[in-house]
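Here the protein sequences come in this chain order: A and B.
Counting in numbering that gives the first Met the number 0, the first sequence runs from 0 upward without gaps.
Counting in numbering that gives the first Met the number 0, the second sequence runs from 0 upward without gaps.
Hints were generated in silico from the structure; no laboratory data involved.
Just so it is clear, the structure is predicted and the values come from calculations on it, not from any experiment.
Even glycine gets a Cβ: it sits at the ideal position worked out from N, Cα and C.
Any given hint could turn out to be false.
[Said to hold, decoys possible] Partial selection, computed: residues in chain A whose CB lies under 7 angstroms from chain B:
| id | residue |
| --- | --- |
| 1 | Arg538 |
| 2 | Gly543 |
| 3 | Trp546 |
| 4 | Gln551 |
| 5 | Ile554 |
| 6 | Arg561 |
| 7 | Met565 |
| 8 | Thr571 |
| 9 | Leu580 |
| 10 | Ala583 |
| 11 | Asp584 |
| 12 | Ala748 |
| 13 | Leu755 |
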Amino acid sequence: MIGAVLAGFIAALFAPWIHRAARGWAGWLIALVPAGLTLYFGAHLERLAGGETFSAVYAWVSSLGTDLAFRLDGLGALFALIISGVGALVIIYGGGYLKGDPQLGRFYAYVLMFMGAMLGVVLADNLITLFVFWELTSISSYLLIGFYHSEADSRASALQALLVTGTGGLAMLAGLVLLGQATGTYTISEMVTQPQAAQSSSLYGAILVLVLLGAFTKSAQFPFHFWLPGAMAAPTPVSAYLHSATMVKAGIYLLARLSPVLGGTDAWQISVTAVGGVTMVLGAYVAWRQVDLKRILAYSTVSALGMLVFLLGIGTEYAVKAALTVLLAHSLYKGTLFLVAGALDHETGTRDVTRLGGLWRAMPWTGTAALLGAASMAGLPPLFGFISKEVFYKAAYDAPDLAGPLTAAAVTGSVFMVTAAALVSLKPFFGARLETPKHPHEAPPSMLLGPVVLAGLGVLFAFVPSWVAEYGIRTAVEATLNHAAEIELELWPGLNVVLLLSLLTVAAGLAVYALRVPLQPWADRVDLGARVGPERGYRVLLGGMLWTADRQTRILQNGYLRVYLMTIVLTTVALTGYTLLTRADIEGVWRLPDARFYEIVVVALIVVAAIVVTQVQSRLAAVLALATVGYGVSLLYIMFGAPDLAMTQFSIETLTVVLFVLVIYRLPRFATLTNRAARLRDALIAASAGVLMTSLVLILTADTSRRHVTTFFSENSVLLAKGRNIVNVILVDFRAFDTLGEIIVLSVAAAGVYALMRLRPERERREALPETRATVELSAMAEADPPAEPQAADSGR
Amino acid sequence: MNVLLLLPILIPFLTAVSALIFWHNRAIQRRLNVMGGIAHPLAGIALLVAVWREGIQATQIGNWPAPFGITVVADLFSAIMVVMTGLMGLIVAVYSLGSIDARRESFGYYPLLHTLLMGVTGAFLTGDMFNLYVWFEVMLIASFVLMALGGHRQQLEGALKYVTLNLMSSALFLTSVGILYNLAGTLNMADLSVRLSNGAVDSGLATVLAVMFMVAFGIKAGLFPLFFWLPASYHTPPIAITALFSGLLTKVGVYALVRIFTLIFVQDIDYTHTLMLIIAGFTMVTGVLGAVAQTEVRRLLSFHIISQIGYLLMGLGLYTELALTGTIYFMVHVIIAKSALFLVSGIVQRVAGSYDLKHLGGLYRARPGLALLFFVPAMALAGLPPLSGFWAKLALVRAGLETTEYLIVAVSLGVSMLTLFSMTKIWAEAFWKDRPDPDRPFAPLRHRRELVVPVIALAALSVILGIGAEPMLALARDAAAQLLNPAGYIEAVLRGAA
């Protein structure tokens, strides 16, 4: 079974080469892969109906509880057949639709990759593995929606779909991990056997919300539905495949799959039914008022997805049966209609229904497929759509609670679906012949095969309903419910309320179709979605995020070194100070060292000199004051018995002063660029750092009893290392490794200075301006106005 | 004396020194560069194998017994990091052959490169706090010169900020080491672990020191709000340098944090590690928002480094075996993915003439192979399954949910969405969009082999690390287990000590 999943990915790797080698026949050739898979899954139907399931487990990322566990049961098989079957037709169709497109090879690769991923979703028996494939479908969808990548619209739509489904996906990931925690397993088939584990968990609410977020975003449920119409920027075969027949049903699949684990509770029923119901009515209501064929179909897909969610929310055995029947019917008729829309677009040059009319004569085959598909969508006998409509109504009518409102919602949605169906079939092919951008003629065979086969199946299935029920629906229902079920489907159920409702629906739908022009302005007024819709919310969120990102970055990364320094110093002081005050017991640890008089004098000298450095108005004076600080420190070294350290410090101070004096006259004129407030602020920050460090040293060095390393050094310096100067012995023997490092530091510094002096950029050598920002920062740490373009502040441009 | 422990330090050292000897002969330097580049990861792998088979390895420099001399020690975490250092060294060494100009080569580029690698390796292998400081200094000076080498105004400004802010870190580090020495009487990390856990040192005061170290290493690691040096400087040097820095420098800071907060400072985990989680959250968010706001590829990627550091810290803050496994695996993943992205953007710049998204476009059509080479590490970085970033994210998310730290999990997932967003931004602008200036043809790529092979290697590694995640995860888990049970480390270091 792993081969079946991987086949798509492997074929994807070779698709571009096959395309290059086989040219026009590549589509037919490549379609052999999904066609073979269809046969493979079809061959399992008999045994699945006999109650068998097939599983295969391969160890994968076991550390994270993720195995390549696959399981083929009725539900998986129903989806897998749709995925591979429609996949084969779409690949052949795509070969004709995108004929001559330089990207056709990539198209095949992406579609195959998607197919593999989608098969992985419906066959995975491990939640994390399922998620892996789930995300892969999102990314293939991204690449396919952005297929016409030169168009800004395509790119924006691709991103929108990715962000919406991706965000939902991440929520779902958290939900799945929590679910795994609550049930103690990531294996779905194990989880299903102990539903109480999840439902009695305190995390149930969180799990439900998170998982539903994933399913709802993927399956375009209100209020996340808006990405689906946007996704119509993809080539039409992609829309037919991903955004109607398969990927958008992944959420449905997940709901069905997890309904034994998560379903049956009030929270599930209410939220899932409500969201599905709203989506169903809203989608259909928006659908019939569109003029773009693909958008009509997209919104009607939203509506159909809502219908499925709605049914899974009701959750009775009959509702589940209805859901899976509707799912199959929808895949057939919607696939047909999308492919028809693609053919119309391809042959006439427009998808605008108001500009299409009377094409029956030019495109009879396409027209036939369109009529059959639309009739199925409208629920007319003798088509499979009729059967599905009947069970759908009955499920709502027989619902245990609120049957009245639920039925009303179902009928309302269906009325507008009938209108939409009429709009995509009657309008383009009948009535007055309208002029189209291209001269219309029948589509090529590659583009007829798909719609004709799918439409044909819609007819065929209607005449063998019991066969479909036995091999397609029953096992899927049993897998969903996790118990045995009896399923009957029939073309003629007899005269009953449901049939009357169906008649009413068709009549009302056609009436709306006939009156659509005068009704349109009224209808628009009721539609709040257009004005305050969720798509607006998406834009506001995205815009807000970008705005925040921009602002925070301007504030944080403002380009001023002094602000960076201030922030770091303040962070250090705040964190360390807070910790010192709250975590450490500093009572009684305070101990002022008993200093001798001359030590105090030296320390006072250092402090005074440090203050002088900041106050004098001359660089020379500042350098001298700074040197005083250094010499003071050297004196302290001498007092505490470290003459060689003192000598070193002395030499360094002296050298520094000499070097400073040499360069001092090359620096710009001394100027005070800060105001009093800024100076006061800086002084406070500096003082806080100083106070903190002083306190730390006083507190943390009060106890000097632990010196075992030092003791070792003084005892063994002569004995083992044969040296009398302990400091030297430490440097060259005990810790010679440190010294090696420091020698390297010095060497690199020397090399660096040499390179910096000698290696100058050729162009820039002369163009330096006297007052660039870098110089200002260097010379005065100026308190200038914020730069006009802080984003570029660090660029030095 | 265990020579396996010293080879990874000695090889780059000898490479640097011999390259210095041949200062005037670029051809020999280039050859030495490649030889050293190959030998370094091999030595690292040998060490890793030894640690994996025989347990933690330690050796005392100059045979002065611990804790009196300096100990060089490798547990699995160290060894993994050493291998990654060698690997990145090799990748960048090869890429440099095709991308570094002759002038830089003549002014010590290769010796500096290998000195930097030596410093990084030393930091991963030392078992001594002050010695760690020394290696930090080696890294700092080598990276500073590498960054400034060439002397462009932009470089100098970046390098100035870089060195100033990093010196703050050094100063704070040194101060903290001094105080720590006075408080505990030792510099040996294993010995410190013993002394700080047996009540010899007041745990409150130890916590204060812990926070000081957190800030000092936090600057190096690029944590919020201490990361300013990174976006201010990383876009200025040649891209090979940036790629190397992005792969290694901040990671040394994270390594140091992981080391001391598993080995030494574990007195007050509720406080220190919670603080880390807070900082981790802010680091992730500010980093990724910074990235979102950029239109220059190198800057965008630089901000991402920060964001990813947040994830690394998250694992440390959660402080469970799974979480640390996540951190270690994430570290390996992000080193590969991020360096690959920088190197790819270098190729993009050579082909299309810019790093600026506003001026880029049309590469998807014209250079599909290049597009693929970008797409793989970009998606890995965004955590798309089954690439490496996903498993890293999954481990951390699971660890977070298991310890009921829901907030940080939510933040990390949100940030991963924004990461994806910013990767698609580069994708849409540089690859999908049409070239804004269609009259300017793409330049043919010179030195194709030197530039492309390293990138392909990294992209392939990223895929392998994702699809075949288990071995690396298992290794990371063993490494995490060692970190959580420091007894083995202490025993290996202080074995035979008085």
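Is the interface hint for A:Arg538 satisfied, with its Cβ closer than 7 angstroms to some Cβ of chain B? Hint on A:Arg538: violated, closest Cβ of chain B at ~14 angstroms, above 7 angstroms.
Does the CB of A:Thr571 sit less than 7 angstroms away from some CB of chain B? holds (5 angstroms)
May I ask you to test the interface hint for A:Leu755 with respect to chain B, counting a Cβ-Cβ separation under 7 angstroms as satisfied? holds (6 angstroms)
Holds or violated: is there a CB of chain B closer than 7 angstroms to the CB of A:Ala583? Constraint on A:Ala583 satisfied, holds at 3 angstroms.
Hint check: is the beta carbon of A:Trp546 less than 7 angstroms from a beta carbon of chain B? Nearest chain B Cβ about 10 angstroms off; hint violated.
Would the hint on A:Leu580 stand, with a C-beta cut-off of 7 angstroms toward chain B? violated (10 angstroms)
A:Asp584 was flagged as interface toward chain B. Is the shortest Cβ-Cβ separation under 7 angstroms? holds (5 angstroms)
Quick check on A:Met565 please, does its C-beta sit within 7 angstroms of some C-beta on chain B? Because about 10 angstroms separates A:Met565 from the closest Cβ in chain B, which is outside the 7 angstroms limit, the hint is violated.
For the hint on A:Ile554, just tell me whether its beta-carbon gets within less than 7 angstroms of chain B. violated (10 angstroms)
Hold the hint about A:Arg561 up to the distance rule: shortest CB distance to chain B must be less than 7 angstroms. Since chain B brings no Cβ nearer than about 10 angstroms to A:Arg561, farther than 7 angstroms, the hint is violated.
Do the numbers back the hint for A:Gly543, that is, is its least Cβ distance to chain B under 7 angstroms? Constraint on A:Gly543 not satisfied, violated at 12 angstroms.
Cut-off 7 angstroms, beta-carbon criterion: hint that A:Gln551 touches chain B: holds (5 angstroms)
Hints 1, 2, 3, 5, 6, 7 and 9 from the list above are not met by this structure, while the remaining hints are.
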